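Can you make the complete structure from the sequences, with help from the hints?
In order, the protein sequences belong to chains A and B. Take the first sequence: its position 76, counted from the start at 1, is 75 in numbering that gives the first Met the number 0, and no numbers get skipped. Take the second sequence: its position 250, counted from the start at 1, is 249 in numbering that gives the first Met the number 0, and no numbers get skipped.
These are calculated hints, taken from the structure and not from any lab test. In this text the structure is predicted, and so the values were computed from the model without any measurement. There could be a bad hint or two in this list.
Since copy identity is lost for identical chains, a pair holds within one copy or between any two.
[What the hints assert, rightly or not] Listed next, the in silico EDC-like pairs over lysine to aspartate or glutamate satisfying Cα-Cα at most 16 angstroms (straight line):
| id | residue 1 | residue 2 |
| --- | --- | --- |
| 1 | K370 | E31 |
| 2 | K138 | D390 |
| 3 | K386 | E137 |
| 4 | K370 | E263 |
| 5 | K69 | E59 |
| 6 | K370 | D156 |
| 7 | K276 | E226 |
| 8 | K371 | E153 |
Protein chains: 2
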Amino acid sequence: MKKLNTSPISGMQELLPREQAAFDRYKNEIQEVFRQHGFLNIETPTIERAEILFAKAGGETEKQIYRVVKTEEASEGADEALRFDHTVPLARYVVEHENDLTFPFKVTQGGRNFRGERAQRGRFREFYQFDIDVIGREKLAAAYDAEVILTLSEAYDRLGLSGKLIRVSNRKILTGLLEELNLQEVAGEVFRVIDRAEKVTPEKTREALEKLEIGTEKIETVLAFIEIAGARTAVMKRLREFGFGNEKFLEGVAELEEVLEILETQGIAEAVQADMKIVRGLDYYTGTVFETILPEHREVGSIGGGGRYENLVGLYSDRVMPGVGGSIGLTRLFFVMRELGMIKEQSEAPVELAIVPCSEAENEFCFQLAKKLRADGSNVDLVLSEKKLGDKLKYAATVAKAGIVIGENEVRGGEILVKDFTTGEKRPL
Amino acid sequence: MKKLNTSPISGMQELLPREQAAFDRYKNEIQEVFRQHGFLNIETPTIERAEILFAKAGGETEKQIYRVVKTEEASEGADEALRFDHTVPLARYVVEHENDLTFPFKVTQGGRNFRGERAQRGRFREFYQFDIDVIGREKLAAAYDAEVILTLSEAYDRLGLSGKLIRVSNRKILTGLLEELNLQEVAGEVFRVIDRAEKVTPEKTREALEKLEIGTEKIETVLAFIEIAGARTAVMKRLREFGFGNEKFLEGVAELEEVLEILETQGIAEAVQADMKIVRGLDYYTGTVFETILPEHREVGSIGGGGRYENLVGLYSDRVMPGVGGSIGLTRLFFVMRELGMIKEQSEAPVELAIVPCSEAENEFCFQLAKKLRADGSNVDLVLSEKKLGDKLKYAATVAKAGIVIGENEVRGGEILVKDFTTGEKRPL
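Below, the structure is given as structure tokens:
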């Protein structure tokens, strides 16, 4: 009988050991790709001063921040909260440690972030994010935008998501368009409508634009514009056909072309598409923006994204530090992959080899044998339960891929056999 | 100029990238040893229902629990808090998922826990702990106590702490002694005095016992008893000389002997000592107890410990599940090792190789080269800054162990040279 409710609280991922093994493998793959690309790992605390988090949060996010209060000193007034992403703590870190860092600072962070979202299937209040960022001082070459996208692309491939599509745009293009149309004053609203365009019907998008009272002609231009998507050359041709002389627009087009060209030469052209619908609306991006989807499962939406920001640290320092970064939200991605049946490892026994002593008399020998096999890198369980041999073997076959039984004969130097629990075959150790 | 206070809040570890690389290596070493010993990794949420945590906390710990409150719905009344250790969430996990687990359940957890301690140098409010536990149903062989200690011992060795000393006792021995002395009623107080004995002078310990008004003779017996420490045979001889017929006492002595014998046969006798001063007072242990110290640095105190508990899940279920576990508090250990100058990696450049294009014209070639070298497992940075070659080389020499410069000649097929930044030597790629 349970005395207390022992389920994890809603919105928290809690996995069984075999699922966890798959999740851990994914974590490792992502981190290994990031490491190979020369990103340096850092960790910032889970708890930050609330003023640091609120300075950047705004809107929905602000309402979702978890504050923390010490039980003993609830009245002491330290205003602290749980981080909701890695970017805000990174900005603080970069300002705090600027003199000890080398720029461009190629940095990665992986860990749990927290948002008090409404409980909903597939929505997580605690979730793993794996971020990469390149932070410059004053300037940062556009080629780094491509390097970030390439790195994330490779990480997705390692997770078995080679069918993914990375959709890329540049905020300056849309900003330039709105300048051309003299719509600067409603730019925020238009961005928001475009950001939602994929989640609603085309009629809804048109209605939302009509509410802004910008006139039919401009509405048609915006609607036509956001339909532009495809391979580099085709998209570049269409963008240039607008004939805009707007500086922002041309800058955005040139940057987008540079990024796409690098991605092409690196052989991931078929996984990349320019797409004017991508704005990543509520974030602080100012140049390149991108997000990744699974084209065969568009219903799950974005499985990660990122972009370039003119200045990471404006709220914390007078310095100007441009950056480009991206993130993989692994908790949500893992949930999606499980739903889609894309995770195979769950059926595998987690331990390579179980050593089963027939009785306690063989314990010492088994400890020695385990030590030897572990020293060779194997993952070995030692079944020390004081149970019947049959029960011990049953346990071994559940946790391990193969097993060894050690009795008097083996201790005296008899041949040791390894039984493969899947095939039933035996082979000498 | 800084606009906000950008230091991490007190009691939080925040490392520079090179220190972080050392910390990460330690994390990996510990987790790899645990994996090789067949412990299955799980993760429980950082946030738990407060009632789950408070059911087990008690005393000092209870006052240190961080509660979390959603900004938006502070009044909604969900009473949630941050976990302060891994054992309480593990108890909940085992009850919740009992039917999906195989017992004995060999489990490991690694991650951040939280205690709102008073800020103090070397005390952390957020800290990494790496735990292993073996949980049985109804029964659990004493040999698992030895397996847990062996596993932790190996983890310490991998961290370069081969000079450590693991001090082992068994709570039943001291409990038996107090029964013999008819001191059951003050057992809790005596345990607490013994637990503090090493942090205060012998006079203070005597005074603390005198306050319990148990009579001089019993005080002398307790004081003499807790001085018993040393190798297995010597300690066993002294314990048996007391001639106690007390069942608990004899059970404790027998269990301690069995555990020490296994550790001896596994060749770690010189790193292990029986020591009657070890009680791990405030915890819920009932049998074997142990803690690890650095004998050359006794002033830093325990760097980890653990023990056996008769029932892990008593507060959450009517089931009886005995367990044995131990933990390495890596944040504190890392702090101590830095203080003692035991961490070497900090001086090493974190990236293996930096590729430096002379100009943007070589970017494409460099991206290709990086891809090839990364595919071989190397950790390669690509220096894409639009700076002078000299500045790019300076950056490369800071972040990487070696570097390659790519100019027109190399792109046209000329020999590519790798420069070792430490020795200054060049070799062909």
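Structure-based check of each hint:
1. K370 with E31: So K370 and E31 pass the 16 angstroms test across copies only (14 angstroms; inside, 28 angstroms).
2. K138 with D390: Between copies only: 14 angstroms across chains, 66 angstroms inside a chain, cut-off 16 angstroms.
3. K386 with E137: Between copies only: 12 angstroms across chains, 68 angstroms inside a chain, cut-off 16 angstroms.
4. K370 with E263: So K370 and E263 pass the 16 angstroms test across copies only (14 angstroms; inside, 50 angstroms).
5. K69 with E59: between (25 angstroms within a copy, 12 angstroms between copies)
6. K370 with D156: Intra 36 angstroms, inter 14 angstroms, cutoff 16 angstroms: inter-copy only.
7. K276 with E226: within (7 angstroms within a copy, 75 angstroms between copies)
8. K371 with E153: between (37 angstroms within a copy, 13 angstroms between copies)
Hint check: no violations occur; every hint is consistent with the structure.
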